[in-house]
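Spelled out, the chains give:
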Amino acid sequence: MRPSIFMRFAVLVLVGLVLVSAVEAADRDKLLSEPGVYGTFAAFSLDADWEKQDQAMRIAQLTVLKGVVEQHREKVAIDLYLLRGLSDHADLLFRIHATELRETQQFLLDLQGGLFGKHLTTAAIMHGLTKKANYVPAFPDQLKADLKIHSEPGPKPYAIVIPIRKSADWWGLDQDKRAAMMQEHTEASLPYNKTVKRKLYHSTGLDDLDFITYFETSKLEDFHSLILAMEKVKEFPYNRRFGHPTLIGTVKSLDEIIEVLAQ
Amino acid sequence: MRPSIFMRFAVLVLVGLVLVSAVEAADRDKLLSEPGVYGTFAAFSLDADWEKQDQAMRIAQLTVLKGVVEQHREKVAIDLYLLRGLSDHADLLFRIHATELRETQQFLLDLQGGLFGKHLTTAAIMHGLTKKANYVPAFPDQLKADLKIHSEPGPKPYAIVIPIRKSADWWGLDQDKRAAMMQEHTEASLPYNKTVKRKLYHSTGLDDLDFITYFETSKLEDFHSLILAMEKVKEFPYNRRFGHPTLIGTVKSLDEIIEVLAQ
Amino acid sequence: MRPSIFMRFAVLVLVGLVLVSAVEAADRDKLLSEPGVYGTFAAFSLDADWEKQDQAMRIAQLTVLKGVVEQHREKVAIDLYLLRGLSDHADLLFRIHATELRETQQFLLDLQGGLFGKHLTTAAIMHGLTKKANYVPAFPDQLKADLKIHSEPGPKPYAIVIPIRKSADWWGLDQDKRAAMMQEHTEASLPYNKTVKRKLYHSTGLDDLDFITYFETSKLEDFHSLILAMEKVKEFPYNRRFGHPTLIGTVKSLDEIIEVLAQ
Amino acid sequence: MRPSIFMRFAVLVLVGLVLVSAVEAADRDKLLSEPGVYGTFAAFSLDADWEKQDQAMRIAQLTVLKGVVEQHREKVAIDLYLLRGLSDHADLLFRIHATELRETQQFLLDLQGGLFGKHLTTAAIMHGLTKKANYVPAFPDQLKADLKIHSEPGPKPYAIVIPIRKSADWWGLDQDKRAAMMQEHTEASLPYNKTVKRKLYHSTGLDDLDFITYFETSKLEDFHSLILAMEKVKEFPYNRRFGHPTLIGTVKSLDEIIEVLAQ
Amino acid sequence: MRPSIFMRFAVLVLVGLVLVSAVEAADRDKLLSEPGVYGTFAAFSLDADWEKQDQAMRIAQLTVLKGVVEQHREKVAIDLYLLRGLSDHADLLFRIHATELRETQQFLLDLQGGLFGKHLTTAAIMHGLTKKANYVPAFPDQLKADLKIHSEPGPKPYAIVIPIRKSADWWGLDQDKRAAMMQEHTEASLPYNKTVKRKLYHSTGLDDLDFITYFETSKLEDFHSLILAMEKVKEFPYNRRFGHPTLIGTVKSLDEIIEVLAQ
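Order-wise, the sequence lines are chains A, B, C, D and E.
The opening residue of the first sequence carries number 54 in the numbering used here; numbering runs sequentially from there.
The opening residue of the second sequence carries number 54 in the numbering used here; numbering runs sequentially from there.
The opening residue of the third sequence carries number 54 in the numbering used here; numbering runs sequentially from there.
The opening residue of the fourth sequence carries number 54 in the numbering used here; numbering runs sequentially from there.
The opening residue of the fifth sequence carries number 54 in the numbering used here; numbering runs sequentially from there.
Hints in this document: simulated from the structure, not taken from any laboratory.
Zero decoy hints are in this set.
As the list makes no split between identical chains, a pair holds if one copy fits it or if it spans any two.
With a straight-line cut-off of 25 Å between C-alpha atoms, the simulated SDA-like cross-links for lysine to any residue are:
#1 250 with 233
#2 285 with 269
#3 272 with 89
#4 272 with 88
#5 197 with 229
#6 230 with 287
#7 272 with 204
#8 209 with 156
#9 219 with 294
#10 272 with 295
#11 247 with 156
#12 185 with 244
#13 185 with 223
#14 184 with 250
Isolated chain A (complex conformation) (with noise of 0.2 Å):
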């Protein structure tokens, strides 16, 4: 099971190549800021070949996979994401962030082509859409103060991926009742600002959701006082559809997931 030294060196140096295209990587930090951006959560299933290949064979098809991934850099912000152990969904999470979906898929469709990709079965994909903040621009001053304090710096190693979908009723109420609930749980979650880091993404028609929430964090028991706190307020009788799947994995660099799977 141990990869011999041969093999050590061989991901050693597949894990340093191709460093020279991030240096002309899509301006991630744009894409992972800006609204008016697609974000799509991909999940994979390795298939029952992947472990029965020798260790050669899949350092060749790991190759592959890494040079997809960097170039599509270029274009998109890949993050990934090692899902197997935690989660009975699947193995792999890829969370890619666009201007267009068109080259999302035109990613996901190079991903799957490849030599590696033979060995994914899709186990999900969900797509939202970040926009500026909803209710926001009618919270209290202070309320909107404290929601500058934005998380500690230092890596967040837990990822979590919550699909949610809104009842009805939910869209039935007016924006002001809504705007009341949303501040309520706004106010809620203040407490855990500091050691969960979230996103949200809009997904009303591009999947059978509404809203995909996004969290790291090194602190899992805050992320789940923080989900306590959330199932709390007014609003959380209005979600029709909260989780199933939750996601739950560790945030992973490419290479980390090479040397992962070339194990």
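Since the structure of chain A is provided, determine the placement of chains B, C, D and E on it from the hints.
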């Protein structure tokens, strides 16, 4: 992974083939615009063996696909969509318009029975019927006039299919109440008429649905806003099923599909 | 893909075979018209290996199918339907009428145990019992008379099967209330009696259903209008399950099925 | 498809084997009649490879099945049912009665671990406990007397298993209200006592069920009428799940099962 | 089917192996008793190939299983359960306690990546967190004292896992109302404290659950009565999901699991 020059040539020849038969094609315009036409949405996944074949074999099979589609275009109107990379439900979607479902069945039998069809797994088949507008005749004149403004010309690369099942309560309402709600629904959709093209199919009895709604757009953000607007009108809670699945993909010509699958 | 002349000949011979046994067939008319008969709907998918066999092998296996069906026709009435291309649930549907479910089981055991049966995957088996009309005796004379007008003769190529489960509320109503609603239901269906043929099976206890409704028509648009009319009567909200699956296909003789599958 | 004379002989010898151990069998009567016994319903499907083996191989594997069943009959009571051809959920059903679930587990481990077991896929395992009648002691004397009339002797070839989950509302009712409803339920079932044999298992906590109801009959029409009568009493709406799956099959001896599977 | 003497010897040697590393094991007692620990329930099915291998190959692979488990026991607490024969959801269940979910992930990655892991299909992964008792501090003193009576010593061969999702209504209740209901719930469970051992995990956010309840007992009838008592208290209707799946199996040591799988 890159096709050799020979293969590229083979694809080009394939793409150019059987252009002649297109001349004798079914009266596509009539099938796509008149009432009393059956619209079938047939979504397929490619099996795991497809990608494992070499390119020459895949091109041979795609030639068969091309032949089957061109042959049936004499009787039925066939549109193709690439779902792979955007949808976790299927890889390919065929939309077929026919005056008799038997003709659609014959096309799909030939498609599935051919060399390419051996690699297709049926993901979903949904049928609907085009009918004259139900509620429009009773709409105010201004609304009728507004509805005549059609979507802007130009390519609309994205297509979305949302199946709908109404609740028993909806059908229990009298025609006036339903008409009033459909008027509100229609008015709320007006702002998106220019950028989102729509088509409605009546499915009751032909499938476990009441309607299939079909959309084309180049601006997915507008489409998202349209569906969000639809969720806020009084008719929305009468949907027992909305989506599940929502199919999202890109509009492709037969030749474009062949190019993607040949690579 | 086209069968050679030899193969065409083989299919023709096969189609002509065992015609003799049809003479000794079960009293099909009685089984199809009397109460106290069990009707079974057994839907099967063909496995991926079926299409991968050469035609001679397929013809050999279809000969076995023909033999099994003809042999059992002495005891049970067997109808065949081609679902492939119209339904995503299955490829073939058998409707079997028998005075004892054991005889149906014996037929399906022989079908599945034979060379052709190795390629069949069971998609659904539903059982129902024919009974004398429940509510009709209390209907007004005019309605009774109207019900005696049978559907027009001539081929009805389409068949649709809709399983139904009533809610607990339905069975909790007293017989009078149910009868009044069934009268409204029946009156609403009258306009479609000429073009849509129907048959009702009572399933309670034999499956997770209360009824199986079976339809034949040459005018699918009329069938669509019939079901739409049924959705608007007061009895409809008492259906907890209506369809799921709705099976739609074309009525075929055994020989027609063999021809389609041999090609 | 027909077994050769040699094979028929082999089946007969197999069927005659290990008769001795039946003498030392578990006290079957006690296990089938007393309270405090665990009843397990284990349904299996045969895999696609089963039918593809030649008959000699299948007979060798059925010999192993016979050995495993006979060996465990010293400790547990085992009944077999053929679901294939009548149920789309599974091919074979084992009903096992034991004083400890560990003994049932050991039997099923040996069954699945043996040569025949390699072809079995578990479709469902449900457990229940026999208990003294809950509500009967408080029933009127006449009803108690009526309940003592047992079903008519003679073969009852059909068996049906219906799992039941009560709603939370049911358990929230006080004992008197539940008893009154169970009395109505019991009175409504009386007319079918002669032709439909019943047995009740309590499942709460052992599975996602509250009860497993087991029926044997030679008159399926009576069984249908019985369940229809049950759907009309006040207790019925308190069932959150009734069936799903309803398992229907024929009662078979081990030797009959072997004969069917050997052919 | 019976292992040869050599193989029995091989199993015994295997079972005796790596006993040393157990000495350096994680502080199992602390992990199993303290709050702030993550408990993961990972259920796996063995694939169809497992049984088809000869015994020597299976023993070689079980040696790898043993190595992986013993190696990780230095960091995480690992318990094993045999579900096969009692549950239709999976064959094996691992319960892992760790202070960080990353350590659990690493164990499961090594398990799945090893020679034995190639035969495992993930059936379910559920996570929960141990926390200090929520409602107990406000309970009356007598109840607090009663709760200190622990279950009787001695082996408890059966283990049951019931995941729970509360309704939105539950979380909308104020703490007092929830506390009163949990007091009734706790009082109703007291009679079973001696024979049924329990442990609670808080899952909100970590999975599509709110709680995972874990039980051990030697008296399944008492466990059945306990759950029945729980269904009758006022808190029960606030469970939106209770079970689904209910996992039931037997507690086994690693060596016992190896013996069962080696045979």
